[in-house]
Structures are given as structure tokens and as C-alpha cells.
Amino acid sequence: MPDFDRTMPWGTALAKRRLYSVHLDAVLLLGLLAIIAYGLLMLNSVAGSATLLNQLLRLGAALAIMVVVAQLDPRLYLRWAPALYVAGILLLAAVAVVGTVAKGSERWLDLPGLPRFQPSEIMKIAVPLVIAWYLHERTLPPRTRHVVIALVLVALPAGLIAAQPDLGTALMVAGGGLAVVFLAGIQWRWIAAAGALAAAAMPVAWFALYDYQRGRVLTFLDPERDPLGAGWNIVQSKTAIGSGGFLGKGIGDGTQSQLDFLPESSTDFIIAVIAEELGLVGVTVLLALYLVVITRALYLATRAPTTFGRLATGSLTLVFFAYVFVNIAMVCGMLPVVGVPLPLVSYGGTSAVTLLIGFGIVMSIHTHRGW
Amino acid sequence: MAPNGSNKATNIKNLERERKAFVSRAVATFAILVGALLLLFARMVWLMVYQHDEYRTRSDENRIQTVPILPPRGLIYDRDGDLLADNQPAFSIVVVTEHAGDVDATLSAVAALVDITAAHRAAFRERLAKKRRPLQEIPLKVRVDPRERAVIEVNRHRLPGVAIAPTSLRAYRHGPHMAHAVGSVRRIAEADVATLDASLYSASEFIGKRGVEAFYERSLHGRPGWRKIEVDAHGVERREISRRPPVPGQNLVLHLDAGLQFEAVAALGQRRGAVVAIDPKSGGILALVSNPSYDPNLFVAGLDAAQFAELSGSRDTPLLNRATQGLYAPGSTFKPVVGLAALALGLTDWERTYHDRGEFRLPGQRRVYRDWSWRPGNAGGQGVINLRAAVYRSSNTYFYELGSRMAVDALQEFTAQFGYGRVLALDVADTDPGVLPDSEWKRGMRGEPWYRGDTVNLAIGQGDLLATPLQLATMASILANRGRVVAPRMLKSSDGRLAEFEGGTLAAGNGGHVEGLSAADWEEMAASMVDVVHLGNQGYRRNGIAWFHIGQDIEYTMAGKSGTAQVVGIPQGAEYDDELLDEYHRKHAWFIAFAPAEDPQIALAVLVENGGGGSSVAGPVARAVLDAYLLPKMQAAPPAAVAEAQPAREVVDT
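These protein sequence lines are chains A and B, in that order.
Following this note's numbering, the numbering of the first sequence begins with 12 at its first residue and continues without gaps.
Following this note's numbering, the numbering of the second sequence begins with 251 at its first residue and continues without gaps.
In case anyone wonders, no lab produced these hints; they're calculated from the structure.
Quick caveat, the model's predicted, so the values are computed rather than measured.
The C-beta atom is built at its ideal place from N, Cα and C for all residues, glycine as well.
Please note that a few of the clues may not be correct.
Listed next, the stretches of chain B that the computed footprint assigns to chain A, with coverage defined by at least 3 CB atoms under 8 Å from CB atoms of chain A [unchecked claim]: (1) 273-285; (2) 307-315; (3) 477-491; (4) 553-562.
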């Protein structure tokens, strides 16, 4: 048994042990629930009760799925990772052929008998798992040959998703895969080289972008060039954040949020609502909660008994973090606007389900022993 | 199985090494993540602490709008409280273009429901091109009827940015009858915007143009209030934060007598011309008519280009205020002033006689100056006459002779006291000072010296002398007052202080006196003018010149003077219509009068353009206006003497 339990007060340790026996991690679970509660509080401020109820049901379902996922033996994930990956690739290919167009890109798949969903979401889980599965079989640090194959495994779905085009998700998926390679111990000079290469490729990438994507980059660089059009979102979100000040305007009193100046206030831009209504204090609390979850998950990664467990846990954590970072950086004007929600806070079920499945796997890996 | 065992051994060793390697990577990752979170935190601190004030301001600018509140325009009443200019609530279809998106599509959608003319569209476009506040409602159609209003309200969900807005519109109950006196408000034009105080007119769509509406614009307009409101991103008001009520414009009471004005309009009938009637005691303008007129309400509703072109291009010039801007030679109405000038200058007296032979020549000159009575084979003029007879017979020859002996600059100086060549009116908009020529004027305008012949012409009110009906009414008032000068004015009273005047009130402006004459001179001149009307049954060529037309059945003493003014000829080579030439080249008919002569309560000037004879055409108009003003007063309190002298009024058709 992990020795940290002994340092805890007796009652806490008992509760932890009980949770442990149902394959849940107390710290992680509490962190996630706290974030979810925070998100619901803010959602209540900017959206109606119907929306709130909807989100409650979705998150409840997602949490239930997480609990189920945590019960399954981690070897199951190890064994089925390749199959999940292949299935994901096939579905992405299907999207390219028969996908539904929404907002100018093909992302959705309408399969009979199933709710409409984005196959790219599967890849956010499947790619970290499959890379972890692949490197688990190999010696670490990985050899060049293995790294190349791993990169191909990452590039294939990322490329398909980018072609939809959904650059944001593609980067998330690629990031999840690359995180595994990084955690597997790839040498620092390779990383440095890759970084330099990426920087050098930027001008080339510029020409590969769609017009609307270039527009987003230009808007990011200078939102004031079209404050009422393309720059509206970012100008208004920065205004919401900046006007919040230290303590905020109070829940329900955020004029930017409540008077519709802030677009997407319940979804991608909800951090701006937190900033406006609860101020720097509110933002700091949320960042701290995320830090708790991430720290705990990374700690759990180091405690995992197998290479697969470590790599999978670590990379799922990094995907989660990437969501947090990209979303907040985007809303406060440090990154171009890409459609990435704030994990477990933004209104919407899809990403919550994906991320909580990820944490379900993390808990499964951590709470099952002897594999 | 050495290779196996060694393999297994390496594997175990590798596993431990891998775990350690992973831990070190995890630590590095953790450091990066914390660094990244700190970066986000720093960014938040930058926005929320260091740039807080700027963004706070921005967010307030987003949500708080200051909406000006239109001040109610001051009402205008006549002397008896008849409401001449009123504000009426009305509803307009307005468009907020920011919400409408495609303006063309919106206009088409509205046009499918209610009648939207090309003029509405044009005016809307024009308004759209001007400066405006963000989210300002631009009127598309003012004054919609209840059915149109309902149709728009019902279909609002299909018409983003379209709304029904309550407004207040100026309403002129008496329409064309008061147009030239009261003026009207019109839509603020691009040209006005440069000169207007933007803050004062922030809520206004209209500005007073012409007449009282123009002169008292500052007092009538009032000061706008404002409402600070919180709006959402769609411009929809959520709540009011604060409000300052507008300061309503001043209500004005005018000297105008609406009843008298209508009588004057009726008396003129279809003829082009003007009537200005003044209370000589106060200078208050009782009636100010210019015919033809226009409906001032048209300018409120909005004229399209064709309607405006029709008004402004008409040969009858309905937009011209003949009473204050029409310039005409005063003709014989000027003779009393010339006679008084000659008395003041010592060039004649009441006893001196002159033999009027029907024509006059300056010594050594061939040009013949003819009397009005002159016909081919001159019948001999008015005979031997004194100044009084020269006035009531309107002898040209007598005044030619006076003029020939008079220094023009002395005449000019004397005449200016009656308001010629300058604006005596205190608060009448758009008044023309006319022309009172003297030697200096002629040198400047014509580059010629002043000839004696010019003075001869001037002495019968012709030549370069030009004046407005308002100026002639002023002259009549001064004659009525026996020399006491009164400045004409529209305003009788107001609620409070007026921005138009220093000191806040309309200064008296009266009290001056025409100099150089005795009281007897003034009385005699008034008597001469009474003779013009009342002296009858004296035989051919002995009666007062207007007696036959207006003097035979009169119940009060009326002093008057007729005049006919020559019309400036069409320039040589100019194209003209033969049919029209006749009418438009006839002489203008004048009549000035005051009554009752012994204690004048009203003085007036009547002009009938191209009317022909002053006594026969303008005289009856003057009589009708005086009757309308005086008879009701006399019936209310009949002066014993008058009632006794003329118990029954005989109606004579002339």
C-alpha cells in the first residue's frame, strides 16, 4: 500500500481507502468535482436553468462513465489500444467521406442509432494510449526507429483531423501523442531540434493555412484592426477580464457577460466570465484547482507500475493541461482563437466525457495492482 | 539459457531505469506546467491589475449609452391664445442600421408591409450619410397611421433593427394662413450641422426656419436632457442608470391676431400680394400675410425633391415672404413722407399753392415728368393745389416740383427715420432692409452722379427706392403716431428670459420721434390722408382719390394713401411669354392706412402684385382688414359720436 496514506488523518485515510477499493482516487476525484462545481456556478450566472440542468445531466453521465472506466482492468486498455486507434482512424476516414458539415468543416458523424459525435474526440484518448502501448513494448529511451513510427502513428490521425479542417483538435491530438514520446525519455537535443524545426516551418505553415485560419492569426496579432468584426471576441473577452479587477464585479453582475458583449460566454469564453465576476481571486482559485488535479495526476503517473501506465497517465494529464492552457491563453489574447473549451467548466458534454474517460483510465491504472 | 537470463536481467534493470527516467521527465514536465500556469497567471495580473482601469472604462463605454431627450419645443400662441404652433405626438418607423444588417433588404421588407416612397428612401439614405451616434434610430417614415404602426409591430420579429418610435412633431393648425408669419421647422440640413451646437441639438431632428420659428429658435428649442442607460450588446436597453430631464422651450405669445390674419388672407383672395398690419401704439404686428403661401406642415412631414422643386420653382414664388422680403417701389404711398420732409426742410407750407398742369419739366431739360392723370393730349392736371390737396389727389406734379428743390441727402436722412433702407423690426426673421438711395449709394452702385431728375422721381416713390410691405406698414404706423417711431415686433410676451436678447427681454425699441415737425404738421398730414378716403361728393377731380372705392360707407375715420409702383421692365432680348407679360408687367397696387384716424389702433400696408390701381385694388383689401379689426371693437363699445353720425351702414358695391 502507498505509504502516504499513513501520513493522513485517520478518518481521511479511511475514506481514501474506501474510495480506493472502488478504484477511485480521492484527491483527483475531489479536484475534478471542485472544478465541475465551480463551472456549474459560473454557468448558472450566465445561462438559464435549462442549460444548467442540461449540463448537470451531461456531467453526471460523464462522471458515471469515468467511474465505469476506472473499474476496468488497465490491461484491457493496453490490449485494446491498437483496436481503438484503428477504429478511430476508420471513423475519421468515414467523416472525410460522409461527414456532416457544421460551421464550414466536416467534423461530425451521424451514425444510425448513435448520437451525432466527432470521431476526433476518440483520438484524444486513442492516440496517447496507442503510443503508450507501442513504446511500452520497446526499451526506453526509445530508439530513433521507434520514435519515427510513433510520430507516424501521431501524424496520421492529426493529419486527418487537420484536413476536416479542425486545427485546434488536431493540435490537441498531436500534443497528446508527442507528450508520450517526450515522457518516454526522448533526448533533449531532439526536442530542441524539433522546436527549431517547428519555428523554421512557421512561414511555410502560414501558406498551408486556410484563409479563415490566417484571419484568426492576424486578428490575434492585432484584434483592434477589426474590433467590431473578427476582433470582437477577443477585444470583448479582454475587456471582460481586465474590467474584473482584483475581486470582480460579483456573480451575475458582470456587464460584459450578462449584457451579451462577451460572446460564447457559457462555452469557450467562460474563463472571461469568471475573471469579470470573481476577479483575479476567482481566476487564481480555478488555476489552483487545475494545478491540484494535474499535480496529483502526474504524481499518480510516477507511481504507476508499468511503462504503459506511466506513459498513458502522463500523456492523458498533459492533454488535459493542454486544454486548460490553450483555452485560457486564447481567451486572454495570448494565442489565436481556436475552438478549445475550458475543461469541465465550459458548457458542453463532448469534451467532458472525453476528459473524464481519460481520468477514468488514470484511476484504473492507479488503483489496479499486480499487472 | 544464458542469453535468456541475461535478457531478463537487462529487462529488469531497464524497467527500474525506465521508471527513474520517467520520474525525471515527469518532474521536468511538472516544472514546465507550473511555468505555463504562472505565465497565464501573469497575463491575468497584467490585464486585471495593471490594465484594469483601461478595461473598466472600456466595459462601461460598452454598456452605458447616453441618450439625449428631446426638449419639448415652445408653443406659439396668437394674442388671444389661439395655438399657432403645437407639438403633436406621432409615431415613426425607425431603423437601427447596426441591427438591420442588410439595409436594402430591410427597406424592401418594410416597403412590402407599408407604403414607403422613393422620397422616404432618399431621405433615409441622406440621413444615413450624415453623422450619427452608434445605434441611433434613423427615421424612415414619420407620422405613420395606426394601421401601419400595427403592421410593423406585428412583424417586428422579421424586421431586425426596425422599430416604431414615438416622436413629437410640430403641427401648424392654420396651415398656409400663418406660414409666412410663424415660419416652420424643417429637418436639420447638412449645412446647419456645421453651425449648430451639437450638444444642444443632439436629440433634435428639426430646426426653426423662417418667421418666428427661426428668429426665436434658441428660446423655442429648449435644452435637451439625457438618459444614461445600460444597453446590451444588441443595443437593447436593460435599465436606466440616471436621467436629467430636458428644459422645455419657451412658450411665446405673439401680437398676431389669427382672426385678422384670416380676414387679410380672405381679402387678398387669389391675388399675389402681402398685408402687414401693426398696432401703432406698441408696434405689435397684428397680421403678416404673404400670398401665395404654402403649407408649413409639408416641411415637417418631409418634402420630396419634386414637391420642393414645384414650390421653389413656381413663378408665383409661394416660398417668398413678400411681406418682409419682397422689394417694391412704394410709389405714391411715399408722398406723405416727402411732404413732411419738405415741411421740415422749409421748402413748403400748408398754404403754399402750386398749379398742377399735369406734367413737369426741370428748367432747361426736355424730359417730361407726367402726372398719373396724364393722357395723350394732357387735360391739365389737378389745377391749383396746396400740399393737402396734393396728398389726397395724389398729385405727382406737386411732388415733382418739391423734389426738384430738395437736396437728396437731406431727403434720404429724413426718410430713414421712417425705417426706409434699414431694418426697424426687432424680431422679424428674414427682413430685407430695402433700398433708400442717395448720392453716395448711386455712385457706388451705378458709378454715376446723382441727378436732380433722380430726386424728382424719388419724390413720387419711384426710381431706385425699394421697400417691403413691412416697411410701409411701419411708415403707416409712424404717420398714425404723428411721428412717434415704433419698431415692429412679433412677440407680445414669453414665459421667461429670452436667449435672443441681451437682458433676456425684447427691448422697447420705441420712443424715438421723427424730428423737425410741429404737432400741427402731423395732424394736417393725417387729415390729408383722411381726405384720401373720406373726401367725397366734391365733383370730378376733387374727391379724395380713394373715396369712390372705399370711402362711401365707412363707419370710422380711416386715413390712407394709395400707390402704384412701376414694375421693372424685362431686360431687352430676354425670352418671355406674351400671355404672362401682360399680367406680370402690370403695376403693383399699394395702399397704406391707419384708423381710427384720431386715435389709431391699427396701421397697415397692403400690396397687390401687378394689381393695377392702388385705390381700386389694394384699397378695398385695406378696408376689409380695418373693418375686421375695428367693427367688432366698435360694436362691443360703440363710440357715441360715430354711432350718431352714421346710424346705418350702406352697402355699396363697387
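Going down the list of hints, with the structure as the test:
no. : hint    : in the structure
1   : 273-285 : holds (count 7)
2   : 307-315 : holds (count 5)
3   : 477-491 : holds (count 6)
4   : 553-562 : violated (count 0)
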